[in-house]
Each structure stands twice: as structure tokens, then as C-alpha cells.
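Trainee: So the chains spell out like this:
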Amino acid sequence: MTTPLIPVATVAQDLDEPEPVRRRRRRVRSRKASPLTYLVLVFVVLASIGPLYYMLVMASRPNSDITSNPPPLTPGDQLGENVTRVFDNPDVVFAQALLNSLMVSAVATLTVVTLSSLAGFAFAKLRFRGKNIFLLAVIGTMMVPVQLGLVPLYMLMGWLGLAGSLWSAVLPFLVTGFGVFFMRQYVSQAIPDELIEAARVDGASTFRIFAQVVFPALRPAVAVLGLLTFMERWNDFMWPYLTLAPENPTVQVALSRLSGGYYTDQALVMAGTLLATVPLVLVFILFGRRIVGGIMEGGLKG
Amino acid sequence: MHLRDRLARLEISSAPYLFIAPFFVLFGIFGLFPLGYTLWVSLHDWSLLGGNEGWVGFANYTELVSDDYFWNSLLNTFAIFLIATIPQILAALALAQVLNSSLRALTFWRIGVIIPTATSIAAVGIIFAMMFSRDFGIVNWFIGLFGVEPIAWNQERLPSWLAIATMVDWRWTGYNALILLAALQAVPKELYESARLDGASALRQFRSITIPMLRPTLMFVVTVATIGGIQLFTEPLLFNPGANAITGGDTRQFQTSAMYLVEQAFTGQRFGYAATVAWILFAVIVVVSIVNSLLVRRIRSVD
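So the protein sequences, as listed, match chains D and E. Read in my numbering, the first sequence has 55 at position 45, and its numbers run on one by one without any break. Read in my numbering, the second sequence has 129 at position 54, and its numbers run on one by one without any break.
No lab work stands behind these hints, which were simulated from the structure alone. A portion of the hints provided could be inaccurate.
No farther apart than 20 angstroms at their CA atoms in a straight line, the calculated lysine to aspartate or glutamate pairs in the EDC-like style are these [claimed, not checked]:
hint	chain 1	residue 1	chain 2	residue 2
1	D	42	E	265
2	D	42	E	268
3	D	141	D	203
4	D	141	E	86
A few chain E residues facing chain D, derived, Cβ under 10 angstroms [as the list claims (entries may be wrong)]:
hint	residue
5	86
6	90
7	183
8	188
9	195
10	226
11	230
12	302
13	306
14	336
15	340
16	357
Pair by pair, the computed Cβ-Cβ distance ranges are [unchecked claim]:
hint	chain 1	residue 1	chain 2	residue 2	range
17	D	82	E	146	40 to 46 angstroms
18	E	279	D	210	16 to 22 angstroms
19	E	103	D	168	28 to 34 angstroms
20	D	289	E	231	34 to 40 angstroms
21	D	170	E	374	44 to 50 angstroms
22	E	128	D	82	26 to 32 angstroms
23	E	80	D	174	51 to 57 angstroms
Beta carbons: idealized from backbone N, C-alpha and C, even for Gly.
Take these sequences, add in the hints, and give me the full structure.
Mentor: Put into C-alpha cells, the structure is as follows:
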């Protein structure tokens, strides 16, 4: 599922305001957290990481442990062996799949971040006819279930001579309405108008203003949008599953092939799932504060 | 006017359009065009290998109306959507309230609740399929501790719906809670203060201030859940992996409409018919979104 990660519902009112007004927001600290609150949170977090922990347990044990009763609840010592077996398995070229995912995700992230900054800057700081209508169109694209166009999209890739190639998995995701909107919100409040006016007076072209004044100041937003985009592409399943040649999959598609084999080696499948999941979850935890901030702030600053 | 000035002026007036053009061009080619062309394809006999085999008018649509497998898939889609979404929104709302109190280690809890969002749907499907397996799954072991007989989660209809809804909710509840939390924090504190002075109870404050103020965000959360829920594909596909995964179980007990679309397009090689399924699903999403917005709009009158 392709999902805009930030609420856009509040933007409609925002369009009428000529200048981005930073709304006064004070945290509503209505209650002091009770022990019960912490208990609920502990339960929720355990439920969050429980399935991932179970994956680790199964990925680090011999396959025969799958059938033990009661089910094992602690990690074993076979993680290394299982991981080796994932890379050695004859059905799916797992290393290639990881590399493919990396390439697909990286290309999409680069274009989304660059083109979103460009368009976001135009929407936030430049004056042009039809701006509001174009911006509404951008927001509208987030509500369009484009995945339902998969049949013609598949045909289109054939016409372009790209059927089955990695390019066919990348092309539909070079831009996102979410990215444009996200950058527009950030530029509105992070870049003072005076800065742009000053550069104008100095005779800089619009593109130079973007490249030398605006873009360098967008680093925090670029980081968050980049991470979110990379994550979304890395985790994408449906379209790569349909379009990619079986011998050249992304890692998520490779996982489905591993788990769908006639004789399923669960320990191997779980080790593969771990390899496909853990890097991203670690990055997510590492940059968690920023990502959480990005998800929570973006939608409300309008 | 000097040529130089004229060029500069031209640059200023055309630059904005050049800056937004890449988005619209690329979205048009790879997003909007395929979706629109789906309608055209659905009016033809069109096969995966043979291509366009002629205009058939609405024949695909009349066939679809009497296609039991399609109605079955639509039933499954809606059932899973409702079973997943209603508890998910309520839980997210409750969790947002909990996260809105003054907490120690604020960021830790917030990251904790959205870790599932960083997990790929494929991984979710595979992990939960193992947890829900009949003979050795941890879920059946757990309910067995309370004396419940093992359940064949991926064989029977209602259990399979529940298991798939669990996967969806595991991945999305925390994320929605964060979105709602952001909206909660944007509610002006003064509203609560004056309500307290008027002697309004906590429940009354929740109903008369919090819920109405959250309306736009709730609308967003529900819309996204709808668009995603009606196109549900990966979780049920991986719930019963293997050669016939696309049928969603031996008796199609959990085949969603998106799975049926793909089955028709690639297993059945009937692009025209698959496009018809897609177009009808699109209509369904539009209708459900309208119903949603009407329902959420009523919140304003809650008083």
C-alpha cells in the first residue's frame, strides 16, 4: 500500500491564508501519567516488538524447533548458520535481491527528494497563476488509488521495453504527492521571504536561488523525507511482485518466493525475513526522534 | 525594455511552472494515465499475450455482476476492512490519549508504538502466517493454555479474516495513534480550561472538544485506511503461501478483490476483465470515501 504519511486534511483552510502563520501550539498536558498509563504503554510496546522478537527466535534456531511444543521463546545459537543458508539457497539469489532493493529504493529516494524540493519551493515561495489549483491537484493525487491502474501500467512497461527490469519497478515511484506537500510545508516556515528577496536583488535566477539558498537549508526535511521514502520503497511488495522477472526480484519479493516453496524451511525463511527487516528497523530506531517528529509535525504546520 | 530585463522577467514567470512540471508529468504518465486507461481496457477483450482482441462494450461488466468469485472477494475485502479498521481507529484514539499525558522517556514510547510501521508488509505476512499456523503456531499454543481447541486459522472463513485483520492492525495502529496525537496537541489548551471552569466532566470534554477538534485528522486517517483496506493484497497473499496463494485459500475464503484482480490478469491472462475489476473497485473506494466523509461530518453535531 502506498500511503501518504502525513495528514493533509488541514490544508484546505491553509490555502486561503496569504502567509504561513505559525499557529500557537502549546502542549496539552492534561494529566500526569499514572502507573496504569505506563502499564498500558508497556503492553503496547511489547505487542509492537513481540512478532519481531518471535522472528528472531525462529531465525536463530534449527528448523526442527518449529514443531516443538511448547514453542521456543528464547533465541537459539544458529542465526549465523541460517543466514548462510539464506545466501546459499538455490531457489532465490538473495544477495542480488538485497542489492536490487537497495538500487530501486535509492533511485526513487533521490528523485522524490530532489523533485519534491523543487516543486515544494515553487509552491511555498513563488508567485504564479493557478498555484492553489495546482497545489490542490497535488494533494488530490494522494487520494487517488493509482495501484488500481496496474494492468495498463504493466502494458506500458512492455511498450517501453522495460518489462521485468528493475526500471519497471522504479518508474512509477519517481515522484509522490506526499513529498511535494511535505516539502512545501517545510519551506513555508523554514525559509524567510527576505532571504529570497535578497538573492533576487542580487540578480540570482530562480533556479540559482533554489540551488544555493533554499536547498542547503532544507537538510532536516530532506533527511526525513528521504528516510520515509526509502523505507516505503524498500518495503514495497505488490508492484515489484507483479512486474519483476522471477530471477531478478527485490528482497521482499524474494521473501515471498522463499516462503512459498514446496518444502518450506521456516528457519531459513525467518532468517531471510530478519535480513530484510532488521536494517530498516535499526535505522528507524536510530533516527526515530526525527521520523516521529516528521510524521507528527508535517501535517499541522499548515 | 532591455532584452536582459525581458529575459529575467521571463525566467521569473516561467520558473515556477518548470519546477512543478516534473511532478505532474511523471505522475501523469505512470499514475493517472494507467488508471484512466483501465476504463478503456475494461471495454475490450484484451489478453496478456494476445493484446487487444476487440471492443466488447459492457460485456465484461455484465459478466462481473454475475461472477460469484468476484462477489465473494468483495465480501472478504469488506469484512476484513471493517474487522480491521473499526478497532484500529478506536485503539489509535485511545493510544493517542495515553501518549498525550506527561510521560517520562517520551520519544522511547513513541518510537516503540510505530516500529511495526517500519516492518515490510511481506515480513508481516510471513511472520504472522507462522504465528497463526494450526499445529505449531504460538497463537494456538497460547489460547490452548486457556483450554481453547486449536483453530485452523487459514482454513475457516472468520478465523482467517481475524488473523489478516490482526496483521493490518499490528502494522498501522501505532502510526495512526501518532497522527492523532499530533492533532490532539494542536487543540488549544484554553478550550479545556474554560470547559473545566464551566464544570464539564472529562468525558464531556472528550466528546465536545476533543472529538470535534480531531475531525479533519480522523477524516484523513479513515480515508487512508479505506483506500488501503479496499486494495488489501499482500497480507492475505502471504497468509497461505504456495502455488495457489492468489486464490486466498482452498475455497477462496480470504481472497480479496485485489487478489482476484491479479488472478484474472496474470493467472487467467484476461486483462480486459481484470481492468473491469479494477474500475469497479475504484468506484467502490469513491463511494465508501463519500460515506466516510458523511459519517465523520456528523461528528460536528455531537454535542
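Trainee: Could you work out which of the previously given hints the structure breaks and list their numbers from low to high?
Mentor: Hints 10, 11, 18, 19, 22 contradicted; others consistent.
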